[in-house]
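Protein chains: 2
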Amino acid sequence: MLDLWYWPSIPGRGEFVRLALEAAEVPYRDRARDEGVEALVADMKPRHGIKPFAPPYITCEVEGREVTIAQVGHILTWLADAHGFGASDLPKDLELIMLQLTVSDVVAEVHAVHHPVGVSAYYEDQKDAALVAAKHFREERIPKFLGYFEDALSAIDGPFVLGAKWSHVDTSLFQLVEGLRFMFPKRMAAVEADFPKLIACHDAVAALPGIKAYRASDRCIPFNQDGIFRHYPELDAA
Amino acid sequence: MLDLWYWPSIPGRGEFVRLALEAAEVPYRDRARDEGVEALVADMKPRHGIKPFAPPYITCEVEGREVTIAQVGHILTWLADAHGFGASDLPKDLELIMLQLTVSDVVAEVHAVHHPVGVSAYYEDQKDAALVAAKHFREERIPKFLGYFEDALSAIDGPFVLGAKWSHVDTSLFQLVEGLRFMFPKRMAAVEADFPKLIACHDAVAALPGIKAYRASDRCIPFNQDGIFRHYPELDAA
Numbered sequence: 318m319l320d321l322w323y324w325p326s327i328p329g330r331g332e333f334v335r336l337a338l339e340a341a342e343v344p345y346r347d348r349a350r351d352e353g354v355e356a357l358v359a360d361m362k363p364r365h366g367i368k369p370f371a372p373p374y375i376t377c378e379v380e381g382r383e384v385t386i387a388q389v390g391h392i393l394t395w396l397a398d399a400h401g402f403g404a405s406d407l408p409k410d411l412e413l414i415m416l417q418l419t420v421s422d423v424v425a426e427v428h429a430v431h432h433p434v435g436v437s438a439y440y441e442d443q444k445d446a447a448l449v450a451a452k453h454f455r456e457e458r459i460p461k462f463l464g465y466f467e468d469a470l471s472a473i474d475g476p477f478v479l480g481a482k483w484s485h486v487d488t489s490l491f492q493l494v495e496g497l498r499f500m501f502p503k504r505m506a507a508v509e510a511d512f513p514k515l516i517a518c519h520d521a522v523a524a525l526p527g528i529k530a531y532r533a534s535d536r537c538i539p540f541n542q543d544g545i546f547r548h549y550p551e552l553d554a555a
Numbered sequence: 318m319l320d321l322w323y324w325p326s327i328p329g330r331g332e333f334v335r336l337a338l339e340a341a342e343v344p345y346r347d348r349a350r351d352e353g354v355e356a357l358v359a360d361m362k363p364r365h366g367i368k369p370f371a372p373p374y375i376t377c378e379v380e381g382r383e384v385t386i387a388q389v390g391h392i393l394t395w396l397a398d399a400h401g402f403g404a405s406d407l408p409k410d411l412e413l414i415m416l417q418l419t420v421s422d423v424v425a426e427v428h429a430v431h432h433p434v435g436v437s438a439y440y441e442d443q444k445d446a447a448l449v450a451a452k453h454f455r456e457e458r459i460p461k462f463l464g465y466f467e468d469a470l471s472a473i474d475g476p477f478v479l480g481a482k483w484s485h486v487d488t489s490l491f492q493l494v495e496g497l498r499f500m501f502p503k504r505m506a507a508v509e510a511d512f513p514k515l516i517a518c519h520d521a522v523a524a525l526p527g528i529k530a531y532r533a534s535d536r537c538i539p540f541n542q543d544g545i546f547r548h549y550p551e552l553d554a555a
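Top line first, the protein sequences correspond to chains Y and U.
Going by the working numbering, the first sequence opens with residue 318, and the numbers climb by one from there.
Going by the working numbering, the second sequence opens with residue 318, and the numbers climb by one from there.
Simulated from the structure, these hints should not be mistaken for lab results.
Check each hint, because a few of them may be wrong.
If chains are identical, the list can't say which one is meant, so a pair holds when it fits in one copy or spans any two.
[Said to hold, decoys possible] The calculated SDA-like cross-link candidates involving lysine to any residue, where the alpha carbons are at most 25 Å apart (straight line), are:
| id | residue 1 | residue 2 |
| --- | --- | --- |
| 1 | LYS409 | HIS428 |
| 2 | LYS514 | GLU551 |
| 3 | LYS529 | HIS365 |
| 4 | LYS503 | ASP474 |
| 5 | LYS452 | ALA429 |
| 6 | LYS529 | ALA371 |
| 7 | LYS461 | ILE538 |
| 8 | LYS444 | ASP422 |
| 9 | LYS514 | GLY381 |
Working from the sequences, and respecting the hints, build out all of it.
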């Protein structure tokens, strides 16, 4: 059985994994959602040696051995290979990895917008720096990153990066657009028209049967102020 | 022929790729070092569709097709597979990827220490935030990250993550220690004794014939104030 381990109260980085599994309609157990955060803490605590630096991670069987895989891009690449939602063509799969790791870079920068000086400090104690960081992110990084993915989608007739077939890169781009809309509604409203292929990809992911069913279920956690994408109105502007 | 493309004036993220190639004594062309930064700019400019977000990237032939691979962890995983410096055992190789991507996370956080609010702004204009970010990084993140890698190395008789055989994770840990020593000499002097296996791994990498030859050559660029690891004395403390 495939087990996903992630903080149960936020979409966060775990959501990128959940969305691909839900789109592929792959059965999995979302352990901390089912058993509580204590189960996650208890699962992490005895781990020594080579282990996840942080959730999310999955545990599954590989060549007869129980393995633990952390890092979103790594988890998704593995799942795509195991469950057939990658390209099944090595040069194209190498491209998907490159794109997926760039999504991870964006996600890290998004978190750093509201926590620019320290991940363990309160937002309120780093708000002045966050105001400056948010301005840079809105004005420079959003167009640069979204333009990068728009360009990737322009390489082929869409709606997806691989064309007619969705991959984890598309479900991740969906979540990136959703998250940025939640965090920066004014900015996204002002710039989205510049990225028509990205928005078309987002919309095509939203229409996948597995994604529709998931988003209508209570398995899907709404964005909130504890996750990666947070809506602080003072950090947004057109 | 294997081509590496990276900014020619800094070790930066390119150094993690160079070190693995040099340790493995794999022939490669460091194109912008050989032909100047203009060659790198000219190589990036016409690229459209799915392309690197930023250097470093490599170009090589995969299944008869010319491919471009960006993202340090991705490049190194590919090279390890192609040139035999990975584990050659799938569950172990999955662990190496997890560790390598965590190295990339550390490197991103290191850069954010001196550029907490905007990658495009000058250090001098974000120095106040950098002072706070550096304190958090020194006191919380250095012990947490180095302790994580120490634990990974404790899983096996070393000196390397795989035991007697070096991998790209080890050459990357070498560079991480080197970089942190350059950036935070006081802090590293104060904490290094807590991470004996990590330092032993660093020293074992330094003793590899390919690494010794490389570091004695003019191919190896010293750390400087334009790279990822920068020495601002005001950001360091024991």
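Checked hints:
no.	hint	verdict
1	LYS409 to HIS428	neither (29 Å within a copy, 30 Å between copies)
2	LYS514 to GLU551	neither (29 Å within a copy, 46 Å between copies)
3	LYS529 to HIS365	neither (39 Å within a copy, 32 Å between copies)
4	LYS503 to ASP474	neither (30 Å within a copy, 55 Å between copies)
5	LYS452 to ALA429	both (12 Å within a copy, 16 Å between copies)
6	LYS529 to ALA371	neither (29 Å within a copy, 35 Å between copies)
7	LYS461 to ILE538	neither (28 Å within a copy, 29 Å between copies)
8	LYS444 to ASP422	both (22 Å within a copy, 23 Å between copies)
9	LYS514 to GLY381	neither (41 Å within a copy, 30 Å between copies)
Checked against the numbered hints given earlier, the structure breaks hints 1, 2, 3, 4, 6, 7 and 9 and satisfies all the rest.
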